[in-house]
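Enquirer: Once you have looked at the hints, place chain B on chain A.
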Amino acid sequence: MRKDLDEFRKQKLVIGSIVAMPLVLGVVMPLVLFVPIITMAPLGDVWDVEGLQQIGTFQGSSLDPWTNQTIENTSLQSQTIQYAILHNVAAENCVFFSCIIDNSEVSFTTIQESVCTGAYLENVTMVHCEGSQLDGRNILAIDSNVTFSKTKASEAQQVIPMMLNMVLMIFIIVPATLPTIIASYSIVGEKNNRSLEPLLATPTSDGELLAGKIFSSFIPSMGATLLAFLLGIIFLDILFIPHVGYAPLPTLTWLLCIFLIAPTACIMSVLACVIISSKVSDVRAAQQVGGFVVMPVVALMLAVISGFIFLSPLMIFVVAALYGLLDIGLFYFARAIFSRDSILEKWT
Amino acid sequence: MIVCENLQKRFGPTLAITGLTLQIPDGQIFGLLGPNGAGKTTTMRILSCLIRPTSGKASVDEYDITNESHRQKIRAMIGLLPEVPGLYETLGAYKNLDYYAQFYGVPKQKREDNIKATLTNLDLWDRRHEPVGNFSKGMKQKIAIARALVHDPQYIFLDEPTASLDPEASKTVRDYILELKKRGNTILINTHNLAEAERICDTVALVKNKLVKVGNPKQLARGLFARTISITLQHIPESLLKNITSLTSVSGARVDGRQLILNVNNPEEDNPLVIDWLMKQGLQVQFVSEAEHSLEDVYLKLIGEDERP
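From first to last, the protein sequence lines stand for chains A and B. Residue numbering for the first sequence follows my numbering, beginning at 1 and increasing consecutively. Residue numbering for the second sequence follows my numbering, beginning at 1 and increasing consecutively.
Treat the hints with care, as some may be off.
To be verified - No more than 20 Å apart at the CA atoms, straight line, and that leaves these computed lysine to aspartate or glutamate pairs for DMTMM-like: (1) K73(B) to D341(A); (2) K213(B) to E238(B); (3) K73(B) to E208(A); (4) K137(B) to D202(B); (5) K12(A) to E89(B).
Hints are computed from structural coordinates only; laboratory data are not their basis. Here the structure is a predicted model, which is why all the values come from computation and not from measurement.
The following block holds chain A by itself, in its conformation from the complex (with noise of 0.2 Å):
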């Protein structure tokens, strides 16, 4: 392994390209799409609720239902009420008239004369009504007074959680990715230049050797990807502390993927690279079927940024646990096709 390492280290244009590969990726590239983003839609501004319309000023100082009923605790279809106090109740398809809604979900509704408070409203008209601490969307507001506690999200802040997923996937694909020009050299490259007869022919056993493979590429990946996480975390930090004052980087999240998720990924690389290279006897050739290695990794990518997985801390374990599977699998599948006889006999 030291020998792989220190014949790496002579290699600069391979290290020049595994060090820039995360940075360029991990770092620069987040750097160069969150600052226009971070700059142009400011974190603290928040937008209204989604689709509401008001119209008109409210006319008085304040309402005051009479009521002479309670309904609480159940569904309403279909039904005009009057002179009620609703709580926590579902309804739909309702007029209500000089009710008060409490605690409640209200959608495709016309409410007039009325008080409402921490409800949910959804496609609903609202005439000459108060409301506060109120949440919804497509709301048509006449001559009403309403607040709303609950408000959508600023773009920034709907897209920075998607962007800061695809960052956290791009430290789970680099280290995937890196170990195919790796291992790619140190075992192809070792086959090229004839000097895997003389390592073989030393005391040092298969499993050794093999082992020796997988932590020369293994160590490299892994340390470039961590270098360029710490990076990319300080400089992500720096970006946002300014706009919500705190550090937000790294989370849970962040902190299980690149401890869990990334080194399974690498190590799943690296085997895949070891069978690939009994196969192929040339480095561009070996890279080339290499970058299939990272399709499971590019599957989880795409999983998480469109929403289908959500990187709870559960779920990386279970992420965590698959990759470690087939990392089991792909070391005693490479464990047969490493040894002496079939390396020499078909390797070479």
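Expert: Here is chain B on its own, set in the frame of chain A:
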């Protein structure tokens, strides 16, 4: 001692070597000779525990090459120079050797001493830190030889050790091989260089996918060819060739310039008779020597015979 018994190796339908039975005593330089594809490298790889034989047995220092627990011990006892040097071109000569010494578990101080001694013997100590990629073919070959010796192996297997070396470097390597023999090492050499094999090998085995002949180079020649004497005369009359064959001790004769080349059964007894006869013919004898057949003659005869249907 290295022992092979009926060793066979197949690569799919191709038979690389079959029925190879031979013994290599300790302390000998043993040459494996044969044309390309004769199974020399395959034999060396089998004995180095790099590949397994299809059938047959072999042992190195009484360790069985087919026994998994013995194979690692055998590899530790052998220093192998493969057909292609296969060095780490970006690393210096010293590092190339140092890593290999570590693979063999040589302690640090001994590593340093061994590397210094070997590189000094091969005239490469001053260039030990230069990347070997910058070296000439011959220098790379020398480093590959040094690599095979860096752990003080008892058995040294050299596949074409002087290939691609200039005459001076070849001599350095040959002298070094003879020096290793003096130290008690057993050396197995694969070579096409028959003159070199004749010069340094105690025993040679001619192989062509099977064992054709094994023995000391001189004994092989004597077993194959009649003994020949070469007599240089001041001048050779035309009738001489016809008359001299009438002598019972001469079984054949030819003329090469002023040299009369005679096949005789027993030079020790026949030479005085022949010289006496020539002097009686009024001819002046200038030199008499025994013309020995080279290993090349042996090789061409045996391998040529083997090729004929």
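Enquirer: Now look at each hint and say whether the structure bears it out.
Expert: These are the hints, each one checked on the structure:
no. : hint               : result
1   : K73(B) to D341(A)  : 17 Å, holds
2   : K213(B) to E238(B) : 41 Å, violated
3   : K73(B) to E208(A)  : 16 Å, holds
4   : K137(B) to D202(B) : 28 Å, violated
5   : K12(A) to E89(B)   : 14 Å, holds
This entry does not satisfy hints 2, 4, going by the numbered hints stated previously.
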